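K.L.:
Could you build the full structure based on these sequences and the hints that come with them?
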Amino acid sequence: MSQNAPSKIINGIAIDDTFAEAFGMSGTGIIITADTMKWAKIAAVTATGFGTSVIGCGAECGIDRELSPDETPDGRPGVRVLMFGFSPDALVPQIKNRIGQCVLTSPGSACFAGLDAQMKIGLGKAPRFFGDGFQTAKKLGDSRYWRVPVMDGEFVIEETTGVTTDAVGGGNMLIVGKDRTGLLETTEAAVAAIAKIDDVITPFPGGIVRSGSKVGAKYAGMFASTNDAFCPTLRGAVNSELGSDALAVLEIVIDGLTSKAVADAMRVGLKAVTDIGAGKGVTRITAGNYGGKLGQHHYHLRDLI
Amino acid sequence: MGGLSFRLKAAPGERLDIRALTPGRLRGLANAEISALVIGGSKRHLTVGDVFEVAGDAGDTVTIQPGVATLDFAAAEMDSGTLIIDGNAGAYAGRKMRGGNLEVRGNAGNYLASGMAGGLIHIGGSAGDNLGGILAGDRFGMIGGTVVISGSIGARAGDKMRRGTVIVKGKTGEGAGTRMIGGTIWAEGGFGPAPGYMMRRGTLIGSTVERLLPTFVDCGRHDLLIVRILSRHLKATLGDLAPKPMPLFVQRIAGDMATIGKGEILLPAD
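Residue numbers (the numbering used here), protein chains in the order written: chain A, 1 to 305; chain B, 306 to 575.
Note that these hints are calculated values from the structure, not bench results.
Keep in mind it's a predicted model, so treat the numbers as computed, not measured.
Beta carbons are placed, not taken as given, at the ideal position from N, Cα and C, and that holds for glycine.
Possibly wrong hints are sitting among the right ones.
Partial list, derived from the structure: chain B residues whose beta carbon lies under 8 angstroms from chain A [as the list claims (entries may be wrong)]:
| hint | residue |
| --- | --- |
| 1 | R506 |
| 2 | I531 |
| 3 | K567 |
P.N.:
Put into C-alpha cells, the structure is as follows:
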C-alpha cells in the first residue's frame, strides 16, 4: 500500500498495486413501501440513518435501490434497504429498533421481506406488539403479514425476512486528488455508478468517507482512530502514504450481500473515477487493507480495472 | 409426466372411498396391485378393478372419469401431483390434503377441503355444506392451502377454519365463517345469511351480505392495504382463477363481538 509501490496509469490516474481487504458479515434486505416514492424514501432514509459503521452504529445500513409498484408486494412505490451486522443475532435489535421507530411511525408505510434466503430473521415479530392486542395476521403462501392498527389506518409488516451470512463488509477504495472540489465530484460520480449495482450499499454519508481510520489508537478504549498516513496535513510529520501533490483523500466503503456484488461495485466505481477523474484533479486510487491477515475477502484493484 | 386413468365401468351401488387413488399412493404399484385395492365400504369389499378400468402408467397425474357423487375422499391426504375428476366428486374431497392439485370438473359434496393443510383445489361446479370445515375429533377445520369454487357453496363453510384461502365465484350458504379462527373466504357472489357466527379472527370478503348478525359492528370505510396484498398474491398464484380486485375502499365490519371480535367482513364501500 506504499506510495512507492509500482503504479499502473489509467487515463492519467495511478492505480496502486494493492487490494481492499473486506470482512464476512451478515446481511438482510427489507422493502419499505408507501403511498408515494417520496414517503417510501423518507421512511427508508430515516431507518438507515446512523448506520455507517458496525463499530459505533450497531449496523451498516443504506438504500440499495428504488422499486417500481410492479416489484413490491402491495403494488406501491418502494425502496429496498440493506442492513449489515456482525451476525444475524446482532441484526435483530437493529431491525426491531429501526423499523419500530422509523418505519412504523412513517405515514402510509409498509414493510416486507427484501431478501429471499433460507435463513430467516424477525422483521415484524417485535413491531407487531405495538398493536396492543388489536394486531392480526394474514398468512399468504409462505409469508405471514401482520396488520397493526395505527392512526392513519394499518401498518402492514411481514413477519420475517431473509438473512445471509455470506455478506461482505468493507470493500473500499481511496481516491487521492489535488483539488478538493474535483475530487468530491469524481467520488460522487463513483458512488452514483455503484448505486446502480444491485445488492450493495455505500453506508457512509452520501456514500463517501473523509475520515478513513486505522485500527486502534493511542488512547485506551478506542477501536479506531484517524488514518494519519493518509492525512495530507500530517504529510511531513508521519510516515505518510501521500505524495507531495495530494491535497485530499476520500474513501468509498462498500457492503454487499455477496462478494461478487462488492467486486462489481468496485469495478464500476474504479471505472467512473478513471473515466473523469484526471480532469478533476484526481491523481491516484489506492485501497485500505491490513496486510491481508484480517479480512477473508481481498479485492485487487488491478484485477478490477 | 404420464399418469394413470380410471374409467368408471358403471355407477357403483355404494359409496366408495377413493383416497388411495392419488399419484403419490399409486407410485410404485403394479397395475395388478392397483386393481386389487379395496375401495368399497360394504361387505362386498369392492376393489378398484371391480369398479374401474385402469389404463396408463403411474406418473404425476391421476384421472378419474366420469366422476360421480358417490366417490368420497378424493385426494384425501394427498401431498403431491394432480388428481383430475372429470365429473362430480362425493363428500370429503381434499380431506387433510397437504399438497398438489385436485381438479373436479363437476360438483363436490359436503366437507370439501375439511382439515386441508396445503395445495390447490378447483371445483368447476358448486360444493356442498361445511366446505373447509371441521369433523368430530379434529381441532381445526382448514389450516392451509387454496380452494376455488367456480359455482356456489352450501352452509357453514369455514367452520373452525384457521388458515388458507377459499374463493367462491358464486354465493355462500348460511353461516359462512362460523367459528372461524383465521384465513380468508372471498365470495364474489356474496354471503348468505349470518356469516361469521362466533368467528374469532379471519376475513370474509364479498360483494354483499344477505343478513348480518347483530354482534357485528361497522368500523367504517377504509382503503386496506392487506386487501391489495391479498389480491396481488392471488393473481400471482392463481392467474385467471383469482377473484376480481375489490374497489379501493371497503366497508369493514368487525366481529363476532360475542367472542374476541378480531374477525372482519369486508364489503365494497359506496
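K.L.:
Against each hint, give a clear statement of whether it holds in the structure.
P.N.:
Evaluation of the provided hints:
With a least beta-carbon distance of about 6 angstroms to chain A, the hint placing R506 of chain B at the interface is held under the 8 angstroms criterion. Restraint check, I531 of chain B versus chain A: the minimum CB separation of about 5 angstroms is within 8 angstroms; hint holds. Annotation: interface hint on K567 of chain B holds; nearest CB of chain A at approximately 6 angstroms, less than 8 angstroms.
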